[in-house]
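Student: Each chain is listed here by its residues.
Number of protein chains: 2
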Amino acid sequence: MTQLKNGVVKAIYRVRDQKAKLEKRAEGIAVGLTIGTWTDLPQTRHQQVSAHCGQVEGIEIKTELGQDEVIAELTIGYPVANFDDTFASLLTTVFGKLSMDGEIRLVGLELPPDLLARFPGPKFGVAGCRERYQVQARPLVMSIFKACIGLTLPELQEQFAQQAAGGVDLIKDDEIFFTEQYATPEERVDKYREVAKQVAASTGRETAYAVNLTGPVHRLSERARRLSELGAGALLFNVVAYGFDVLADLAADPEIQVPILAHPAVSGALYGGERYGMAADIVLGQLAHHAGADMVIFPSMYGSVTLGKEATEQLLLHLRDARVHKPSLPAPSAGIYPGLVPQLYRDFGNDLIINAGGGIHGHPQGAKAGGEAFCAAVQAVMDGVSLAEATSASPVLAAALAKWGPAV
Amino acid sequence: MTQLKNGVVKAIYRVRDQKAKLEKRAEGIAVGLTIGTWTDLPQTRHQQVSAHCGQVEGIEIKTELGQDEVIAELTIGYPVANFDDTFASLLTTVFGKLSMDGEIRLVGLELPPDLLARFPGPKFGVAGCRERYQVQARPLVMSIFKACIGLTLPELQEQFAQQAAGGVDLIKDDEIFFTEQYATPEERVDKYREVAKQVAASTGRETAYAVNLTGPVHRLSERARRLSELGAGALLFNVVAYGFDVLADLAADPEIQVPILAHPAVSGALYGGERYGMAADIVLGQLAHHAGADMVIFPSMYGSVTLGKEATEQLLLHLRDARVHKPSLPAPSAGIYPGLVPQLYRDFGNDLIINAGGGIHGHPQGAKAGGEAFCAAVQAVMDGVSLAEATSASPVLAAALAKWGPAV
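Here the protein sequences come in this chain order: A and B.
All the letters of the first sequence, read from the start, carry residue numbers 686 to 1093 under our numbering.
All the letters of the second sequence, read from the start, carry residue numbers 686 to 1093 under our numbering.
The hints are simulated quantities; they were obtained by calculation from the structure and are not laboratory data.
Predicted model only: the values in this text are computed from it and were never measured.
All clues stand as given, with none of them false.
No copy is singled out in the list; a pair is fine if it fits within one copy or between any two copies.
No farther apart than 25 Å at their CA atoms in a straight line, the calculated lysine to aspartate or glutamate pairs in the DMTMM-like style are these:
#1 K876 - D725
#2 K994 - E795
#3 K695 - D1006
#4 K994 - D702
#5 K695 - E865
#6 K695 - E788
#7 K994 - E788
#8 K994 - D1036
#9 K1088 - D725
#10 K747 - E788
#11 K747 - E959
#12 K994 - D786
#13 K876 - D769
#14 K695 - E995
#15 K1011 - D799
#16 K695 - D786
#17 K695 - D770
Can you build the whole structure from these sequences, using the hints too?
Tutor: Listed below in structure tokens is the structure:
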């Protein structure tokens, strides 16, 4: 049987096992997780089901542990014909029962174009977001609300105003903001938009608000459309908590005309560790991208707990995979301060969201100054001047460098 | 501030850290994952937000690792007011950002009645399923399709007929059956129902079919209703792959009048290991139950990879938690054969689904005999006779005991 290289999803698993058992194990996965068994099928059915049978694509020993025990990577190919148009079908097949099979981790996933075509991908992508936020030539800058729960609408508006005054492109909700006790998402979108317009008179920029999209699944689309109409700048979405197919529905809905910003909350429960679960670049890179996130927040390399260099690079490759879908904007998060901007530009290039909470609110002169400092740093990089040179025109940048470095 | 014991979700985390840092870490979680910060708030706001602030409920050292490093359990209380009516809000809050914080695992969750009341729970539960399947006094018996992918509708019908002829109460799809190339879920429900009626003439029992509920999220409710109308016996649902709030919508929908059978596919990606992720009893016990699964499949203690005795007991407690919701039926899976039935009854009691694949299809005389052997074993237990005694009236049971034990 000729194997079509298109039309096969390749899953790579890290396992620990006896070297002598690997081949049988791989075969057991390939056959057992597709057609079930060859031996119990009559000859007459073999051809018919063979198009659906998984294949062992490779077995690679990574580490010898002694006493014939090894860490190995098994690559299994699953025919695209076995899936429907959902991430649920993909995950249930490649890491469903198998996820419960002891020490096993899904470390790689190759999705062919004919499978990707079944997923919506981002509606806006990098170019669409740039168009939407009127930022053509530089990285975007996003501030994070310091805290939201328990604050009244006027207090929240004030916090929005202070951040917007710094000239940032986007402001995102705290992703744990679910309570509607003092302010519903609709009220916030409405009020912050007023504030953004007022602030634009000074800054020249109408800051976009990434509102946390919340509530029961069957009401999400309706809410997203409403928030879109009310003027939301983006929809912040806890994709792992809700499910990738829930995101896919939102991305595919033509009446939801606002970019989606995926938050990585709960993803660590899947990717933490090395021996179980699913690699971070799969969860936050591949799945988030192809399910339709226009912008994806993920742990940066500059915080206290990072994904590591290799995982981050792989994640970026996935976000930028433009074979079928528009690329998504990466938004590395944690440990970001103005002095880091040249490094961010070196590590990520221009298509990037510079995303900070403490690095804005913790500025000695407050959030407005914090936003201004980031904008000044970005402008310096775009102008090709060092941050040190830029401080002469920007005291707030000078104060930020004095606090967080680097020393100039 | 008086702490109301109702109205607080308690989350227990296993962490590895320096003993000296535990208190600060716990405080950081309690405050940081709710109101953000005390110190940056003006005094005037303290009372207003205090109702939303998390509390450190306990710090317990579990293991001393030397050099001041320990494994500890931190218990944090989150005010119910911080959540909305979704599992997304619960998970994002108690294990959102925190899941990415290095070596940390969610090992316990206490959900108070006022939070549980926001979730639908099972529509049928144990009593409703017993009523529905007309099985009042004994454990239910369920067969699993051996394989589905690639088979034509007549072949699938034949496999259904063979299993139904064994007199089993339920037959479930292979949970990886997504392709509609040869037979849609609707066609299968319709055809299997015909078959079930025919077989009932011999067995006296109309076997219920647990069809895999598949497809995009926005069409699931419509499909579930349709399958319900066509006569589906239950809806098999890959809840972890789709999301707990997707399940909750189905369970809450009054037009979906058919029990839901949750499959644990993908859950191992969350619970595998000890140092990261979320405990199995939380995922498959608590969340599945309160999201509305009437029946929950989980790895049995008799297979090759088990959850362990303690986790299984905790899982069962959660399924049986009837404070607010109807209890769910446990369906331990893997390594189940007729000779195990008395042990199953001792371990689980009467409210149980005896669920087998290989233990039915692998019977020396085929699937019909396999089902009959299980039914004979169950009858023996209900009659208070030993399996050995029962073999005289049941040659198929004798054959099953000869193959799988125990020796009689």
